[in-house]
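Residue numbers (the working numbering), protein chains in the order written: chain A, 1 to 195; chain B, 1 to 157.
Please keep in mind that the hints were generated in silico from the structure rather than gathered at the bench. Certain hints may be false.
[Said to hold, decoys possible] Facing chain A, from chain B, some residues (calculated, C-beta under 8 Å):
1. V50
2. T77
3. G88
4. V89
5. M92
6. P111
7. H115
8. M117
None of the values given here were measured: they were computed from a predicted structure. In this text, a Cβ means the ideal position worked out from N, Cα and C, and glycines have one as well.
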Amino acid sequence: MRRLPLIFGSVAFAVAAILGAILLYGYWAKAPDGASVVGGPFRLASANGGVVDTMALKGHPYGVFFGFTHCPEVCPTTLYDMAATLAQLGDEAKDFRLYFITVDPERDTAAILKDYVGNFDPRIEALVPTAEELKHVAQAFRAYYDKEPTSDGSYTMNHTAMVYLMDREGKFAGIVSYGEKPEMRLDKLRKLVVG
Amino acid sequence: MRLIKELVFAVVLTLAAISSIVGSHAHEMKIGNLLIDHPWSRQPLPASAVAVGFMKITNTGSEDDRLVKATATISDTVQIHEMSMDNGVMKMGELAGGLVIPAGATVEFKPGSYHLMFIGLKERPVEGTAFEGTLTFEKAGTVDISYDVEAPNAGMN
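So that you can see chain A by itself, here it is in the shape it has in the complex (with noise of 0.2 Å):
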C-alpha cells in the first residue's frame, strides 16, 4: 500500500521526462541554425498568367526580390545584374527562376510588372500579391517594405534590397547584396544551382 504513492510518482516522473524530451527534440529540431527561419511557401499571382506555387518548385533553386516601378534605381540595377550572371550561368542554371515580387501592388498593375521585367530572362519573373498577401510573404522573408510620402502628394518606397536565394528544397540558402561585386554573385549563384 506504502509503495503506492511511488508507483505514481515514478510513472508521472516518466511521463514527464518522456514529454520534456518530446519537446526539447522538437525544439532544436525546429531550431539548428536558423536556416529554416528565412522565405516560406508561398502561392501569388503572375505578371504572366496563371500562379506560382513554391510548392510546385520543389527541385529547382529560386530567387526572390522585392521592388517596384516607381524604383529609381535599386530595382533596375539588381534585375539586370542578375540577368547578367544568369545569362553567363546560361544552361547551368536553366531550371532557376528569379522572382520579382512588387512592394507597391496600388501601383503596379500585372501589365506594368510584365512589361517592367520582360526585357531580360524568360528566368525572371513577376509577382503580384494583394496587400494582404504581401504581408504574408514579405514577413515569411523577414522583408522589409514601407511607404515613403513625397512632397506631390505620392510617396516611394523604402524596402529590403537584397536577393533571397532559396535552394533545391525550397529553404534559405543566401543573399546576393545590392553592388555586390559580379564574381561573388556569380559564384554564390553557381554554388546554388549546381549543387
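Chain B: place on chain A using the hints.
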C-alpha cells in the same frame, strides 16, 4: 625645312593641348560660384515610372548655397532624393527643402547616394542621347543644364 617641321609639330601639339582642355570641360556648366560637372541619367526600364539623374556640384565660393529646385524636359516633376542602404534595406527620402552645397565642397549625386528623381515621365530617355533641364539654387539662381543618357546600369561595379 627643319624649322617648318618643328613649327608644324609645335602648332599641332598646342592645338591638341587646347582641345584637350576644352574637351575636359565639355560637360560642365557654371552659375556664379557653382560648377555642375557631367550631369547624367540612365535609360530607364520599359514601364519604369521614373528616371534618375546624377552629377557633381562644386561650390567654389565662400558662402553655402542650396539646390532648391530642378526641372527636366522629360518629366512633369523632378525631386531631390537622398538614398542610403541600411543593413540591406534601401531607404529613400525626398529632400523637399533642397540640398545644401557647402562653401568649398563638392556634393556628388551618384548611385547609392543623392539622386534627382524624374517623376511623371513624358518621354523615355534613350542611351546615347541627351535631354535638357534646369537647376535652381537659392543664391546663385537658375542654370540650364543637359543630361547625358547612359546605360541602364551605368555607374555600378
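Structure-based check of each hint:
The criterion of a C-beta within 8 Å of any C-beta in chain A is met by V50 (chain B), whose closest approach is roughly 5 Å, and the hint holds. Interface hint status for T77 (chain B): upheld, as the beta-carbon distance to the closest one in chain A is roughly 6 Å, under 8 Å. Hint status for G88 (chain B): holds, given a least beta-carbon distance of 5 Å to chain A, under 8 Å. The interface hint given for V89 (chain B) holds, since its Cβ lies 5 Å from the closest Cβ of chain A, which is under the 8 Å cut-off.
Using the Cβ-Cβ criterion of 8 Å, the hint placing M92 (chain B) at the interface with chain A is satisfied: the shortest such distance is roughly 5 Å. For P111 (chain B), the interface hint holds, the least distance from its beta-carbon to any beta-carbon of chain A being 6 Å, beneath 8 Å. A cut of 8 Å between beta carbons decides the hint on H115 (chain B): the least distance to chain A is about 6 Å, and the hint holds. Checking M117 (chain B) against chain A: minimum C-beta separation of about 5 Å stays under 8 Å; hint holds.
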